[in-house]
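Student: Modelling step: build the complete structure from the supplied sequences, incorporating the hints.
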Amino acid sequence: MGRGPYEKSGLLRETSIPPLARVHKTFEITYPFKDVKKGTASRRELLEDELTVSVVLWYLPFGEFDGNETVFFEQEKDLDLKTEWIWR
Amino acid sequence: MRNYWTIALTCIAASTLGLYNAYGAGGPKPTPLPKAKTIAELAERYDSSKCLECHEDVHDEWSESLHAKSILGTPRTAPTIITAIEKGLKLFPYSGVKEDADITVEHLMMCMKCHLPQLDEATDEVAREIVATIRNWQQANRDQDYTKAKKLEKTIASLNIGCMVCHNKLALIHKYADGYPQADTIYGANEGDHEDENYPKMAVAPALGEAIFCGQCHGQGPNFELDHPSQCATAYGSYLFAYVAHGGSDTCQECHMKKSGLGHDMQSYRDDTMIEMALDVNVEGRSLFWRKNRQEGVLPIGIINVELYNKSGHGIPDG
Numbered sequence: 001m002g003r004g005p006y007e008k009s010g011l012l013r014e015t016s017i018p019p020l021a022r023v024h025k026t027f028e029i030t031y032p033f034k035d036v037k038k039g040t041a042s043r044r045e046l047l048e049d050e051l052t053v054s055v056v057l058w059y060l061p062f063g064e065f066d067g068n069e070t071v072f073f074e075q076e077k078d079l080d081l082k083t084e085w086i087w088r
Numbered sequence: 089m090r091n092y093w094t095i096a097l098t099c100i101a102a103s104t105l106g107l108y109n110a111y112g113a114g115g116p117k118p119t120p121l122p123k124a125k126t127i128a129e130l131a132e133r134y135d136s137s138k139c140l141e142c143h144e145d146v147h148d149e150w151s152e153s154l155h156a157k158s159i160l161g162t163p164r165t166a167p168t169i170i171t172a173i174e175k176g177l178k179l180f181p182y183s184g185v186k187e188d189a190d191i192t193v194e195h196l197m198m199c200m201k202c203h204l205p206q207l208d209e210a211t212d213e214v215a216r217e218i219v220a221t222i223r224n225w226q227q228a229n230r231d232q233d234y235t236k237a238k239k240l241e242k243t244i245a246s247l248n249i250g251c252m253v254c255h256n257k258l259a260l261i262h263k264y265a266d267g268y269p270q271a272d273t274i275y276g277a278n279e280g281d282h283e284d285e286n287y288p289k290m291a292v293a294p295a296l297g298e299a300i301f302c303g304q305c306h307g308q309g310p311n312f313e314l315d316h317p318s319q320c321a322t323a324y325g326s327y328l329f330a331y332v333a334h335g336g337s338d339t340c341q342e343c344h345m346k347k348s349g350l351g352h353d354m355q356s357y358r359d360d361t362m363i364e365m366a367l368d369v370n371v372e373g374r375s376l377f378w379r380k381n382r383q384e385g386v387l388p389i390g391i392i393n394v395e396l397y398n399k400s401g402h403g404i405p406d407g
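Taken in order, these protein sequences are the chains called A and B. All residue numbers for the first sequence refer to the working numbering, where the first residue is 1 and numbers rise by one. All residue numbers for the second sequence refer to the working numbering, where the first residue is 89 and numbers rise by one.
Treat each hint with caution, since some may be false.
To be verified - Partial chain B-side listing against chain A, Cβ under 10 Å, derived:
(1) V185
(2) Y234
(3) I300
(4) A330
(5) F377
(6) G390
Said to hold, decoys possible - Have a look at the derived ranges for each label pair, beta carbon to beta carbon:
(7) B:S337 with A:S54: 34 to 44 Å
(8) A:I29 with B:E152: 35 to 45 Å
(9) A:T70 with B:A128: 44 to 54 Å
(10) B:N381 with A:R43: 10 to 20 Å
Bear in mind the hints are in silico, worked out from the structure with no lab data behind them. Every residue gets a Cβ at the ideal spot worked out from N, C-alpha and C, and that includes glycine.
Tutor: Next comes the structure, spelled out in structure tokens:
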């Protein structure tokens with residue numbers, strides 16, 4: 001409940017997680033890189049091959065960060081590209 | 089043969105009588121008490137401190153929950169009531185409310201049906217006194233007169249979902265079968281004598297441990313019985329039509345009182361135990377080079393996959 005009754009006119013749209021249901025979300029985060037000119041060609045160089053991603057699940061009772069927000073979950077995930085294919 | 093039929097008919101009559109007595113121990117619809125004329129009078133009628141002497145542990149648990157301050161809230165409920173008046177009642181052309189002086193119990197039931205069901209035992213003056221008290225509390229905070237604000241906050245919090253709301257007023261749901269709650273009886277899990285001069289009896293409330301009991305307020309959506317249905321709570325509807333419909337069988341009480349270990353300190357999203365019980369979150373990550381499109385070409389990306397599984401008996405969030 002985060003909206004007063006005057007704003008509500010029914011379940012217009014499912015924005016909750018239904019019971020016994022799974023919800024998936026995928027996030028893509030680009031590693032820092034830069035395009036470097038080498039003669040007439042351009043080559044991409046990786047600036048960082050490691051990322052530490054902080055995953056935080058917030059519940060925003062009023063739909064925004066207003067002091068009422070609650071953290072439901074948080075975890076840090078380490079990613080790296082060390083073993084991946086290197087740009088040519 | 090005759091004796092056989094006599095015995096058989098006697099057994100059938102006895103079992104029928106037994107079934108009749110298996111219904112709840114309410115009684116005829118009682119004569120309503122005179123309506124409370126002030127907040128103090130209504131609060132006194134439903135004052136949970138009367139139960140403190142014998143039920144200290146349960147009382148202390150309850151006092152930590154939002155039931156103990158159902159119209160004050162965290163305290164965002166009280167301001168929301170004012171918003172419902174300013175942005176709702178006063179703007180609806182047919183509500184009859186232009187000023188606070190026009191507010192009646194019927195108008196406030198849009199909120200109080202769940203937040204303070206006992207308001208139906210009060211006069212319209214009490215409805216207006218509640219609104220005035222909340223406004224004065226807000227003003228005291230704006231004026232930084234925190235002593236006054238604290239006192240008014242206590243007045244607002246004195247009206248709440250206390251012991252007598254669940255264990256008397258709303259105890260019996262199917263009144264045609266189980267009878268109406270009686271003024272001298274506390275309804276719970278036991279029957280017999282109750283050591284209290286005002287409530288000398290105990291009786292069983294058949295649905296007290298069932299989800300339908302909580303569903304009386306934590307509802308199924310719009311309250312269509314009101315002239316202007318409001319809809320804050322849909323947890324019971326979500327419970328019935330999504331959770332039970334997909335095979336769930338735990339009751340509200342089993343999770344929010346027993347498995348959580350919180351007892352009468354019923355909590356929700358602000359409590360770590362309830363969050364842990366309600367949600368499984370699984371995070372996986374990997375990295376790869378990905379050709380996004382012709383323009384951007386091959387990009388090095390990290391991929392984070394988040395899976396949320398709602399283990400609870402209703403949609404999250406809900407109320």
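Student: Does each hint hold? Answer for all of them.
Tutor: Do the hints match the structure? See the list:
1. V185: Hint violated; V185 of chain B Cβ to chain A Cβ min 12 Å, cut 10 Å.
2. Y234: Interface hint status for Y234 of chain B: violated (18 Å vs cutoff 10 Å).
3. I300: With a closest approach of 17 Å, the I300 of chain B hint is violated.
4. A330: Holds - the Cβ of A330 of chain B comes within 10 Å of chain A, reaching about 5 Å at its closest.
5. F377: 6 Å, holds
6. G390: With a closest approach of 4 Å, the G390 of chain B hint holds.
7. B:S337 with A:S54: 34 to 44 Å: Hint holds: Cβ distance 37 Å, inside 34 to 44 Å.
8. A:I29 with B:E152: 35 to 45 Å: 41 Å, holds
9. A:T70 with B:A128: 44 to 54 Å: Given about 35 Å between the Cβ atoms, the range is violated.
10. B:N381 with A:R43: 10 to 20 Å: Holds: the Cβ-Cβ distance is about 19 Å, inside 10 to 20 Å.
In terms of the numbered hints stated before, the structure departs from hints 1, 2, 3, 9, listed from lowest to highest.
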